[in-house]
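Trainee: In full-length UniProt numbering, the protein residues as written are 1 to 462.
Hints listed in this document are in silico derivations from the structure and should not be mistaken for laboratory results. Since no wrong hints were added, every one of them can be taken at face value.
Here are the computed distance ranges between Cβ atoms for each label pair: (1) 346 x 149: 48 to 54 Å; (2) 74 x 412: 47 to 53 Å; (3) 346 x 412: 28 to 34 Å; (4) 187 x 307: 35 to 41 Å; (5) 296 x 353: 30 to 36 Å; (6) 417 x 27: 44 to 50 Å.
For each residue, glycine too, the CB sits at the ideal point set by N, CA and C.
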Amino acid sequence: MTNTNEFHFTHARDSGLPWLSQLEPQARASIVSASGRAHFNNAVRAVGRGPVDWAVELGYRVAQRIVQDVPSFDEGDDSFEVLRMATESTTIQLLLALAGVDIGEASTSEAIDCVNDFVRRGISLDDTLRGIHLGHSVMASAFLAACEEFGDPAVRLTQIQAVSERMFEFFDVFSAQMADVYLRETTRRSSSDDAVTFELVSEVLRSTVPDNAQFAKRVGYSLAKQHLAVIVWSSSLARDADQLELQNAATDLLRRLHPTQKLVLPVGVGRVWGWASPAGPVDELVGAMMAVPLKNGIRAAVGYPASGIDGFRRSHREAEAAFTLLQTVDAPAHVVPYADVDLLSLIVADRERALEFARRELGALGDDNQYARELRATVAAFIDAQGSPHAAATRLNVSRNTVSYRIRRAEELLGRDISERRAQLHAALMVVAATNEPRSAEAKSAEPRSAEPRSGEPRSVA
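When you get a sec, could you build the whole thing from the sequences and use the hints?
Mentor: Quick look at the structure:
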């Protein structure tokens with residue numbers, strides 16, 4: 001009988017499938033890996049970069065097919081990337097097994113984390129197994145097609161038979177392991193304090209009117225006080241920061257508030273929610289939070305402080321809005337208060353409309369070239385400095401004359417003074433800077449003006 005707890009592939013290193021080394025991804029640019037760096041790098045050392053990139057690409061297609069065919073697996077939040085972690089790492093694991101590498105177990109840590117996440121999200125065991133079997137079907141078809149394309153025609157039937165036997169041995173053990181993981185996690189969560197707390201917190205966030213005394217008794221956190229919410233997550237697709245590291249990071253951040261109470265709650269793969277009741281001047285305490293050095297890959301979003309049950313919800317919604325924004329735009333800081341991105345969050349809530357607004361507002365000043373970017377940065381600094389050329393020059397580390405020259409050029413491209421529609425101009429500059437979105441070819445061709453300096457004009461007089 002097969003042992004479902006361990007899976008030792010006993011085939012020799014010379015797997016008899018030399019064509020595996022010829023595998024290459026179809027896309028010119030390889031899809032960024034979602035599995036752990038160690039797993040990816042070990043696989044590259046074992047079988048080469050081309051086959052591993054091929055497996056990454058196949059794992060992505062597997063995740064897409066599961067989401068498409070099984071309604072329980074939606075693409076909301078970061079659930080697709082969590083699913084892709086599992087499908088990719090499993091595809092790589094199967095590749096290694098077929099290549100004759102001793103993989104130890106069929107399952108990977110990413111696949112186990114993903115199944116645990118399915119339990120948390122309420123995806124049934126039937127749908128979980130359906131997704132697993134569908135994924136295996138897509139993988140099997142791809143490997144068999146590759147065998148037929150690259151295998152030696154003289155021994156093709158033998159190789160196809162060998163591939164089929166090894167794959168279905170792998171799939172049988174993997175499915176059993178994942179079912180076991182699902183059932184154990186279900187049992188654990190049914191009696192888990194975190195699961196109970198998560199349900200109670202979710203009820204509060206859904207605007208259910210809670211019994212504050214009962215909530216405080218069950219969770220150990222009073223809703224009647226002032227609250228400041230944080231969301232801590234791993235920004236790496238590979239989720240290299242584990243849950244314990246994220247919880248420790250959230251606890252460390254909240255500790256800087258000198259709180260009278262705090263609540264830290266893991267809510268899924270790569271994410272932790274937190275609340276605390278600050279004791280002292282909130283602005284100073286948030287400043288201390290921003291100075292906390294977080295490990296590479298860990299990020300945090302912070303809401304405004306607010307009081308009572310509504311404040312508990314509102315501060316969390318603001319942290320969630322900052323978190324959502326930071327999935328698509330870059331931020332220099334590891335800890336980002338909502339206060340720093342509140343306007344931008346509102347502006348880019350509808351990304352396409354925001355980009356159209358920015359293109360229309362900026363005209364040629366929105367062109368995708370170095371000089372236009374230089375002018376936009378100068379205009380933004382000038383507006384932030386309340387129209388002071390000296391202050392803008394200091395911020396940009398250029399001369400005052402350079403700022404004045406660039407402002408005149410920007411006004412020529414805009415066709416108006418910067419003082420006109422200043423709020424709209426500032427918002428448009430924020431959109432372009434945050435989204436790093438170049439203007440479309442259609443927009444460029446329709447615009448007669450250019451942000452390049454005219455002949456004889458210096459690019460800078462700094």
